[in-house]
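Enquirer: Heads up: the protein sequence lines correspond to chains A and B, in order.
Residue 28 in the working numbering sits at position 28 of the first sequence, and the numbers go up by one each step.
Residue 191 in the working numbering sits at position 191 of the second sequence, and the numbers go up by one each step.
It should be emphasised that the hints constitute simulated quantities derived from the structure, not laboratory data.
Computed from a prediction, not measured in an experiment: that's the story for all the values here.
Each residue gets a CB set at the ideal place from its N, CA and C atoms; glycine is no exception.
Some hints could be false.
[Unchecked claim] Covered by chain B, per the in silico footprint, the following chain A stretches (three or more residues, Cβ under 8 angstroms): (1) 61-74; (2) 168-180; (3) 183-194.
[To be verified] Here are some, though not all, of the chain A residues that point toward chain B, as calculated from beta-carbon distances under 7 angstroms: (4) 13; (5) 43; (6) 44; (7) 46; (8) 53; (9) 78; (10) 80; (11) 83; (12) 154; (13) 158; (14) 162.
[Unchecked claim] From the derived model, a few chain B residues whose C-beta atoms are all more than 10 angstroms from chain A: (15) 50; (16) 63; (17) 105; (18) 137; (19) 185.
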Amino acid sequence: MSVVTDNLGFLLGGLLVTLELTVLGFIGALLLGTVLAVFRVSPVAPLRWVGAVYVEVLRNMPLLTLLILVVFGLPDVGITFSLFTSAALCMAVFGAAFVCEAVRGGINTVPVGQAEAARSLGFTFTQSLRHVILPPAFRTMVQPLVNIFIGIVLGSSLASAVGVSELTNRTQVLNLQSAQAVVLFLVSGAIYLAIALLGGAAGGVLERRVSGGRGPR
Amino acid sequence: MTAAATRVLFDEPGPRGRARIRIVTVIGLLLVAGLVALALYQFYRNGQLGRSRWLAFVQPAYLRFLADGIRGTIIATVLAAVLSFPLGVVLALGRLSRNGLLRRASTGYIELFRSIPLLLLIYAFLLALPRYGINLPILWKLVVPIVMVNVAALAEIFRAGILAVDRGQAEAAAALGLREGTAMRAVILPQAIRLVIPTLVTQLVALLKDSTLGYVVSYPELMKQAQNLTVYTHLLVQTYLVVAAIYVVVNLLLSRFAVWLERRLSSRTGSRAARGRAAEPEGVPQTMA
Numbered sequence: 001m002s003v004v005t006d007n008l009g010f011l012l013g014g015l016l017v018t019l020e021l022t023v024l025g026f027i028g029a030l031l032l033g034t035v036l037a038v039f040r041v042s043p044v045a046p047l048r049w050v051g052a053v054y055v056e057v058l059r060n061m062p063l064l065t066l067l068i069l070v071v072f073g074l075p076d077v078g079i080t081f082s083l084f085t086s087a088a089l090c091m092a093v094f095g096a097a098f099v100c101e102a103v104r105g106g107i108n109t110v111p112v113g114q115a116e117a118a119r120s121l122g123f124t125f126t127q128s129l130r131h132v133i134l135p136p137a138f139r140t141m142v143q144p145l146v147n148i149f150i151g152i153v154l155g156s157s158l159a160s161a162v163g164v165s166e167l168t169n170r171t172q173v174l175n176l177q178s179a180q181a182v183v184l185f186l187v188s189g190a191i192y193l194a195i196a197l198l199g200g201a202a203g204g205v206l207e208r209r210v211s212g213g214r215g216p217r
Numbered sequence: 001m002t003a004a005a006t007r008v009l010f011d012e013p014g015p016r017g018r019a020r021i022r023i024v025t026v027i028g029l030l031l032v033a034g035l036v037a038l039a040l041y042q043f044y045r046n047g048q049l050g051r052s053r054w055l056a057f058v059q060p061a062y063l064r065f066l067a068d069g070i071r072g073t074i075i076a077t078v079l080a081a082v083l084s085f086p087l088g089v090v091l092a093l094g095r096l097s098r099n100g101l102l103r104r105a106s107t108g109y110i111e112l113f114r115s116i117p118l119l120l121l122i123y124a125f126l127l128a129l130p131r132y133g134i135n136l137p138i139l140w141k142l143v144v145p146i147v148m149v150n151v152a153a154l155a156e157i158f159r160a161g162i163l164a165v166d167r168g169q170a171e172a173a174a175a176l177g178l179r180e181g182t183a184m185r186a187v188i189l190p191q192a193i194r195l196v197i198p199t200l201v202t203q204l205v206a207l208l209k210d211s212t213l214g215y216v217v218s219y220p221e222l223m224k225q226a227q228n229l230t231v232y233t234h235l236l237v238q239t240y241l242v243v244a245a246i247y248v249v250v251n252l253l254l255s256r257f258a259v260w261l262e263r264r265l266s267s268r269t270g271s272r273a274a275r276g277r278a279a280e281p282e283g284v285p286q287t288m289a
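Just chain A, same shape as in the assembly:
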């Protein structure tokens, strides 16, 4: 256990990087993904195509491939970001494809009648999305979004394969220097488990909050 207590600051620093990657990646994914979802349901055909191609490409690309392409490939064409920025960017760009589908899935669960009612009241496309469709859609989106959050937490570990010094990376570095290898991995695993459980619990609270009062409990 001493290897953990001796290097607590180092490990917690790694946890901080993991959390930063996750939070930045998740927020970026939410923003970009929502825009893409609006693209995918919009009346403008080229926007729909952009959304569809983006989702199909990014959802079918392994995250590690994306990371390596961005970190090692982009400098070749004169685009250089810091390692951390590249990794955060990848998490956001990758997560956005899944957020887009979650949002679109949520929109699709709203009964047609609601959209028709909004239209017959004279709401425009944006107005009916903002005031009528998205609020109830958000309720069904919470669970998929929580899954995406956990996916980004776990996915951020891949940044260690390209050299970002986050939790998984620091675990592996410490492991090389110490004799108590298994303890390190158990502690890191427990930390990831805790993040995932907390994320799930927060999602549960949010879900109840969002659906509170309306419909059958």
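Given chain A, work out where chain B should sit, using these hints.
Expert: Just chain B now, with coordinates in the frame of chain A:
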């Protein structure tokens, strides 16, 4: 019927609406063209568009190198699938078991392995366990962690499938005097597995993505072979783009196949409601990484 909501969000546009859509369409097309042009210019300015830099990939030697990688990817993926699918069924049965201890153990395993990163587990097999005398061959240092993690996701898929089989089937089996185990094996499971086949194909995509971590353990699958190739050629952006395209095409075909299977199977059995429920675990965290 709800699926049509996306089409109902806007009216059949009138003349002004059509004009506005036309304008946005033109702007959108111009933006897309602009982005593509910018990307190409960026490639050109850095001398990455040279013929020789791309034609390298039709040389037999390069192709053979990448083909070896694809073979490695297929071996790792198929091996992981063959091992994790049956284990997933076993774990699902464990979670649904009447035995409290077994049920709790299975649930614990599923929750745990759905929440820790695959890479952490791979590092443990790669760096930590050899010190305790557990030193697997390289392929297995990749496949065993993949199986351990994916079994958890698969168990949830099979469980959803089993729960989606109509209750009447279990009741009919009981009425015929079948024991519980026999009923599960001969009546419920075959139907449950049929229900989740499309989801299993989707899960193959996840396994294929996981196999890219061969890069970390130095198992020569496509990602690692690509890196080896760049060491000799220094064609970084080209090689990784080609490899990314290969992954996207293969996974896209698998995903499309899953959708096709889904449609085909549901039109046959006609139990759309059950299928809808079985398809739920889509988007489990593992499908992402």
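Enquirer: Evaluate each hint against the coordinates.
Expert: The hints, checked one at a time:
{"no.": "1", "hint": "61-74", "in the structure": "holds (count 11)"}
{"no.": "2", "hint": "168-180", "in the structure": "holds (count 6)"}
{"no.": "3", "hint": "183-194", "in the structure": "holds (count 6)"}
{"no.": "4", "hint": "13", "in the structure": "violated, 17 angstroms"}
{"no.": "5", "hint": "43", "in the structure": "holds, 5 angstroms"}
{"no.": "6", "hint": "44", "in the structure": "holds, 5 angstroms"}
{"no.": "7", "hint": "46", "in the structure": "holds, 4 angstroms"}
{"no.": "8", "hint": "53", "in the structure": "violated, 10 angstroms"}
{"no.": "9", "hint": "78", "in the structure": "holds, 5 angstroms"}
{"no.": "10", "hint": "80", "in the structure": "violated, 11 angstroms"}
{"no.": "11", "hint": "83", "in the structure": "violated, 16 angstroms"}
{"no.": "12", "hint": "154", "in the structure": "holds, 4 angstroms"}
{"no.": "13", "hint": "158", "in the structure": "holds, 6 angstroms"}
{"no.": "14", "hint": "162", "in the structure": "violated, 10 angstroms"}
{"no.": "15", "hint": "50", "in the structure": "holds, 12 angstroms"}
{"no.": "16", "hint": "63", "in the structure": "holds, 19 angstroms"}
{"no.": "17", "hint": "105", "in the structure": "holds, 16 angstroms"}
{"no.": "18", "hint": "137", "in the structure": "holds, 20 angstroms"}
{"no.": "19", "hint": "185", "in the structure": "holds, 32 angstroms"}
Against the hints set out earlier in the document, violations occur for numbers 4, 8, 10, 11, 14.
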